[in-house]
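Visitor: For chain A, the structure is supplied; the task is to place chain B on it using the hints.
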Amino acid sequence: MRLVAEHLACTRGARPLFRDLGFVLEAGVALIVTGPNGTGKSSLLRLLAGLAAPTAGTVRLEGAGVEPDAPVAEQAHYLGHLDAHKAALSAAENLGFWRALMGRPRLGIEQALARVGLGGLGPLPVAVLSAGQKRRLALARLLVAHRPLWLLDEPTTALDVAAQARFAEIAQGHLDAGGLIVAATHAPLGLSPARELRLGAPAAPRTGEAAVGEMDGSAR
Amino acid sequence: MMAAFLALVRRDLALALRAGGGAGLGVVFFLAVVVVTPFAIGPDLALLARVGPAILWIGALLASLIGLDRLFAADAEDGSLDLLFMQELPLELAAAAKGLAHWLATGLPLVVAAPLLALLLNIEPRATGALVLTLLAGTPAITFLGLIGAAFASAFRRGGLLVAVLVMPLAIPVLIFGVAATTAAITGPVPFGTPFRILLGLALGALVLGPVAAAAALRVARG
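Heads up: the protein sequence lines correspond to chains A and B, in order. Going by the numbering used here, the residue at position 63 of the first sequence is 63; the numbering climbs one at a time, nothing skipped. Going by the numbering used here, the residue at position 193 of the second sequence is 193; the numbering climbs one at a time, nothing skipped.
With the rest of the complex left out, here is chain A (with noise of 0.2 Å):
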């Protein structure tokens, strides 16, 4: 399987963020997206989940145990910026809507909130957990459902060192099993095989010259 882009091109308002911007993400990779703040990283990952429409371009999934006709945002988990969870429930039942709407279960919810370091939380309203605790609770939602695209913005914010590595480690487990990533971030992310997407210069020509380049095993 792999994540193939096309020419893409992305408007914010008024102002162009990229053009001609293309990749192909091949199995058990990892794009790092990196940049300054406003050259488009969140921007590229919407696009690739389908939540916005690019000016020009195409995104798709190719290869074995891909349906032809099936977009993306089908095969994606998209952990944005917002963690998706409502204060009221607790964190058993937010995990355990989003298993029951998403389909294609993998991990319970007892497993997955314990992979996270959130074990025995589970019965606790999401409105008392800690910003860092609910972005966990985020990540799990990644393991109670399968998807070969994982979509990933700012992963770590919020995370302490501990649950950093717990995240690396889940990532990468991701990978070794051939699934593919594409992470925005400023800080490193530890995972191999990496390579890395830098949206660039903010500065004087506004249309961001994208470049693609090799990235040794862990990101810098």
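Rather than coming from a laboratory, the hints here were simulated on the basis of the structure. Computed from a prediction, not measured in an experiment: that's the story for all the values here. All residues carry an ideal CB built from backbone N, CA and C; glycine is no exception. Just so you know, not all the hints are guaranteed correct.
Residues on chain B that point at chain A, a partial pick, calculated with CB under 10 Å [to be verified]: (1) L6; (2) A14; (3) L15; (4) D75; (5) L81; (6) D82; (7) Q87; (8) G188.
With the Cβ distance kept under 8 Å, some of the chain A side facing chain B (calculated, not the full set) [as the list claims (entries may be wrong)]: (9) D69; (10) A73; (11) Y78; (12) H85; (13) L89; (14) F97.
Keeping only pairs whose Cα atoms sit at most 25 Å apart, straight-line, the calculated SDA-like set for lysine to any residue is [stated by the list, open to error]: (15) K134/A x R70/B; (16) K134/A x P173/B; (17) K134/A x E77/B.
Guide: Showing chain B alone in chain A's frame:
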């Protein structure tokens, strides 16, 4: 897909019934409208019986609109709507599931409360049955038409006013035939079945049109 649909219904119902969910607000508003009306009209029992069904229907219509503005807006603000967009469950069915949960939490209690409130308005028992039937058919129609306004409201901050403005005109035919059917059951001369069948037709139309239009509105708002 059915499992996903039911999961969404269950979650929205749980959210509405929890403290602060707002399920009780509609019934309390309904109660308030109906209880104060006899005081405003005065001790004319015949007049009260004549306008009773209309008052109950107006109360039910307005009470059904309460909470609709937050239906999609809450999901848009916490990021849930993004994920709903990405699932195999079509957005139309997701909208229908949210509509169903909202009706179960706010519309159904109105129907259940109506016979009790009918006593306050001096409506005779035979007409009470007709009234409950018309509300049972009419309140889902209002809720599902309301989905359209709710979808637009999610695109704007403070879109609450928008819901009333958008939905009220669409709901007028439901109001007309709901009250007409109830009046027909009390005084005639038109048989109850004639306006009631039109009401059922309107309700069926709304059940289909509402979610489809709401999904289209959500997509446009996103684009």
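Visitor: Within 25 Å, alpha carbon to alpha carbon, are K134/A and P173/B?
Guide: The given pair, whose Cα atoms are some 46 Å apart, is violated under the 25 Å limit.
Visitor: Given Y78/A as an interface hint, is its Cβ closer than 8 Å to any Cβ of chain B?
Guide: 6 Å, holds
Visitor: Report holds or violated for the interface hint on H85/A, using the least CB-CB distance to chain B and a cut-off of 8 Å.
Guide: 7 Å, holds
Visitor: Classify the hint on L89/A as holds or violated, based on whether any CB of chain B lies nearer than 8 Å to its CB.
Guide: 7 Å, holds
Visitor: Given the hinted pair K134/A and R70/B, is their alpha-carbon gap at most 25 Å?
Guide: Holds: K134/A and R70/B sit about 23 Å apart, inside 25 Å.
Visitor: Run the distance test for K134/A versus E77/B: straight-line Cα separation, threshold 25 Å.
Guide: 16 Å, holds
Visitor: Have a go at the Q87/B hint: is there a Cβ in chain A nearer than 10 Å to its own Cβ?
Guide: With a closest approach of 6 Å, the Q87/B hint holds.
Visitor: Min Cβ distance, A14/B to chain A: is it shorter than 10 Å?
Guide: 7 Å, holds
Visitor: Hint validation: L81/B versus chain A, beta carbon distance must be below 10 Å. Holds or violated?
Guide: Interface hint status for L81/B: holds (8 Å vs cutoff 10 Å).
Visitor: Min Cβ distance, A73/A to chain B: is it shorter than 8 Å?
Guide: Holds, because the Cβ-Cβ distance from A73/A to chain B comes to roughly 4 Å (cut-off 8 Å).
Visitor: Per the CB criterion, is L15/B less than 10 Å away from chain A?
Guide: 6 Å, holds
Visitor: Would the hint on G188/B be counted as holding, given a Cβ-Cβ threshold of 10 Å to chain A?
Guide: 49 Å, violated
Figure legend: structure checked against the earlier numbered hints; hints not met, in rising order: 8, 9, 16.
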